[in-house]
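**Student:** Sequence:
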Amino acid sequence: MTTPAGQGASLQLDRLVKRFGGSGSAAVDEVSLTVKAGEFVAFLGPSGSGKTTTLNMIAGFTPITSGRVLVDGRDVAARPAHRRDLGFVFQHYALFPHLTAAQNIAYPLRRRKVGRQGIATRVREAMELVRLDDLGGRLPAQLSGGQQQRVALARALVYRPRVLLLDEPLGALDRQLREWLQRELKRLHRELGITFVCVTHDQDEALSMADRIAIFDGGRLRQVGTPSGLYRRPDSLFVARFLGESTVLRGCRPGGDGVLGYAGTRLGVPEGVSRSADTVALVLRPESLSLAPRGGDAPACANAVGVDVTDVVYLGHTRRVTVRLPDGTEGSVTQPADDPADWRPGESAWMTWSPRHGAVVPDAGHAASAASATTQIPTIERSQM
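In my numbering, the protein residues as written are 42 to 426.
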């Protein structure tokens, strides 16, 4: 492909709304987002969150109720899909079964009335780009799922769009092939420099591929940020629980800047965190947690909460230890598989972590009595943390 690096187009969604039929509620509700030229953005959210409807409105497959879609500053909302010059990769590939791989890739060029020699050149370049050089003569039924997906990618790229839209592009593939194609998509994005917008329900996929992630829920954008920023500093319980695994201490009471009270224990949190709400939640990622024997006092120089081990699962390179928290909910601790501590269900432990880890988020819906009803645990003074 001859598309120069850095030739992606910017994409702006301006108060995008979609209502179906006479429904009073919006499937997509006032979504505004700017995607920079050459950026890779993933739309992530549960089923029915509005992410796919938003992608289809960008592509022109779903009419917009109100709002604007701007490509390089030009509103394309009134244009039909075939005049937006946006590449689109469908979830189920949508290949023509009676056409060979090369003929499928050539189809968009024939629709655009590109000459025969131009078609041959571009198809060859596209097949080389997705590493399908010797499979052009095969029908889709003669190709594996991964090969069919690469044909679909080549077909979307062959006419050199400046924005590529992908709808769950790897959802139908097995894990090993999916991980390989994730790397291939990153390679293509890096080599072509065009703008990628990808809908996925797979958290690992979004975290590993995207420059930024836009998290949808209930037709709205809940938070947009880099993978590491969203993972480490979610701004709501929904985002914290949806993006990656988390242990949540609910019913924490702010005790001053940098301190929370939970189940009779004072917990240190990152400096500068202060909440005016009566109760908040502390979100902890499992890899930042450790377990220590419960026989004596809580370990010094760390936050500590008493827990009971309920399950241990071996995952190859790690073990996941499930624990019951003081309020009766469950949390998760990740340990290296070669950790000498051999925890078993029924054992008691201190769950410990550094005060610099964790994110404090609002928890207005939690009953204030949740924390006070738990077992009293020895207080750790702030000076010991």
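I should point out that these hints are in silico values taken from the structure, not numbers from a laboratory.
Please note that the accuracy of each hint is not assured.
[Claimed, not checked] Taking CB as the label site, the calculated pair distances span:
hint : residue 1 : residue 2 : range
1    : Val354    : His242    : 31 to 37 Å
2    : Tyr355    : Gln183    : 27 to 33 Å
3    : Gly259    : Asp349    : 31 to 37 Å
4    : Thr162    : Glu71     : 41 to 47 Å
5    : Ala382    : Ser185    : 21 to 27 Å
6    : His242    : Arg157    : 52 to 58 Å
7    : Phe131    : Gly305    : 15 to 21 Å
Just so it is clear, CB atoms sit at the ideal spot from N, CA and C, and this is done for glycine as well.
**Student:** Determine for every hint whether it applies to the structure shown.
**Tutor:** Now the hints, each set against the structure:
About 23 Å separates the C-beta atoms of Val354 and His242, a value inconsistent with the hinted range of 31 to 37 Å. Between Tyr355 and Gln183 the beta carbons are some 40 Å apart, a value that contradicts the proposed interval 27 to 33 Å. Distance hint check for Gly259 and Asp349: the Cβ-Cβ separation is about 35 Å, which falls inside the suggested range of 31 to 37 Å. For the hinted restraint 41 to 47 Å between Thr162 and Glu71, the CB-CB distance of approximately 45 Å keeps it satisfied.
Judged by the Cβ atoms, the range 21 to 27 Å given for Ala382 and Ser185 is violated: they are separated by roughly 43 Å. Separated by about 41 Å at the C-beta atoms, His242 and Arg157 break the suggested range of 52 to 58 Å. Checking the proposed 15 to 21 Å range against Phe131 and Gly305 shows it is violated: the Cβ atoms sit about 55 Å from each other.
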